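Novice: Top line first, the protein sequences correspond to chains Y and D.
Count the first sequence with my numbering and you get residues 52 to 164, in order.
Count the second sequence with my numbering and you get residues 2 to 114, in order.
None of these hints come from the bench; they were simulated from the model.
The structure presented is a predicted model; accordingly, all values stated were derived computationally and were not measured.
No incorrect hints appear here.
The calculated lysine to any residue pairs, modelled on SDA-like cross-linking and capped at a C-alpha distance of 20 Å, are: (1) K156(Y) with M61(D); (2) K156(Y) with S88(D); (3) K25(D) with L46(D); (4) K156(Y) with L46(D).
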Amino acid sequence: GDSVTQMEGPVTLSEEAFLTINCTYTATGYPSLFWYVQYPGEGLQLLLKATKADDKGSNKGFEATYRKETTSFHLEKGSVQVSDSAVYFCALSENSGYSTLTFGKGTMLLVSP
Amino acid sequence: DAGVIQSPRHEVTEMGQEVTLRCKPISGHNSLFWYRQTMMRGLELLIYFNNNVPIDDSGMPEDRFSAKMPNASFSTLKIQPSEPRDSAVYFCASSPNSDNEQFFGPGTRLTVL
Numbered sequence: 052g053d054s055v056t057q058m059e060g061p062v063t064l065s066e067e068a069f070l071t072i073n074c075t076y077t078a079t080g081y082p083s084l085f086w087y088v089q090y091p092g093e094g095l096q097l098l099l100k101a102t103k104a105d106d107k108g109s110n111k112g113f114e115a116t117y118r119k120e121t122t123s124f125h126l127e128k129g130s131v132q133v134s135d136s137a138v139y140f141c142a143l144s145e146n147s148g149y150s151t152l153t154f155g156k157g158t159m160l161l162v163s164p
Numbered sequence: 002d003a004g005v006i007q008s009p010r011h012e013v014t015e016m017g018q019e020v021t022l023r024c025k026p027i028s029g030h031n032s033l034f035w036y037r038q039t040m041m042r043g044l045e046l047l048i049y050f051n052n053n054v055p056i057d058d059s060g061m062p063e064d065r066f067s068a069k070m071p072n073a074s075f076s077t078l079k080i081q082p083s084e085p086r087d088s089a090v091y092f093c094a095s096s097p098n099s100d101n102e103q104f105f106g107p108g109t110r111l112t113v114l
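Turn these sequences into a full structure, and let the hints steer you where they fit.
Specialist: This is how it looks when you write it as structure tokens:
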């Protein structure tokens with residue numbers, strides 16, 4: 052079955068540091084890939100997505116590129132802020148029929164001033 | 002747009018009691034999802050509906066859990082009887098169709114004593 056593997060956290064960075072959160076996936080078809088973010092006490096919200104190989108999703112300074120050859124969708128940001136502290140979830144959706152999201156376990160990011 | 006609405010936001014109950022969680026999806030969305038989030042197991046899909054019909058309930062832990070969607074604007078997740086191991090945050094999400102972005106509610110934090 053489908054699965055998503057994320058690096059374990061917490062990831063602890065200082066403000067303005069470079070961020071990478073690794074995500075790899077296993078899927079039978081050609082899925083769409085997503086990054087969701089969960090701020091403390093809130094539900095998940097979509098951060099960015101990519102629907103086909105080599106697509107780059109971007110939002111709020113975050114980027115991720117759909118790499119079919121390495122089955123990866125790593126999240127990056129050039130300069131993190133304290134307000135980026137949250138839990139980040141990588142997810143995939145098979146683009147067929149009643150497709151649901153398969154989530155990774157989440158990676159907590161803590162950014163200190 | 003009000004977003005996905007969940008109630009109550011917090012619920013504390015005693016073991017053996019019935020618990021009902023409520024969700025109002027975003028108007029016009031035809032897919033609805035119930036998730037459970039715990040530290041140990043992460044985010045788990047319990048059940049999802051499309052056009053008010055349950056499509057996959059394989060994630061429902063056991064017969065104590067049941068979910069209904071009597072109309073396009075309302076769904077309930079019921080636990081009867083509740084147990085301490087049911088303590089978690091329960092999220093409802095809706096989607097305009099089943100393989101697009103899911104919009105999450107703020108969650109219900111359930112504590113079973």
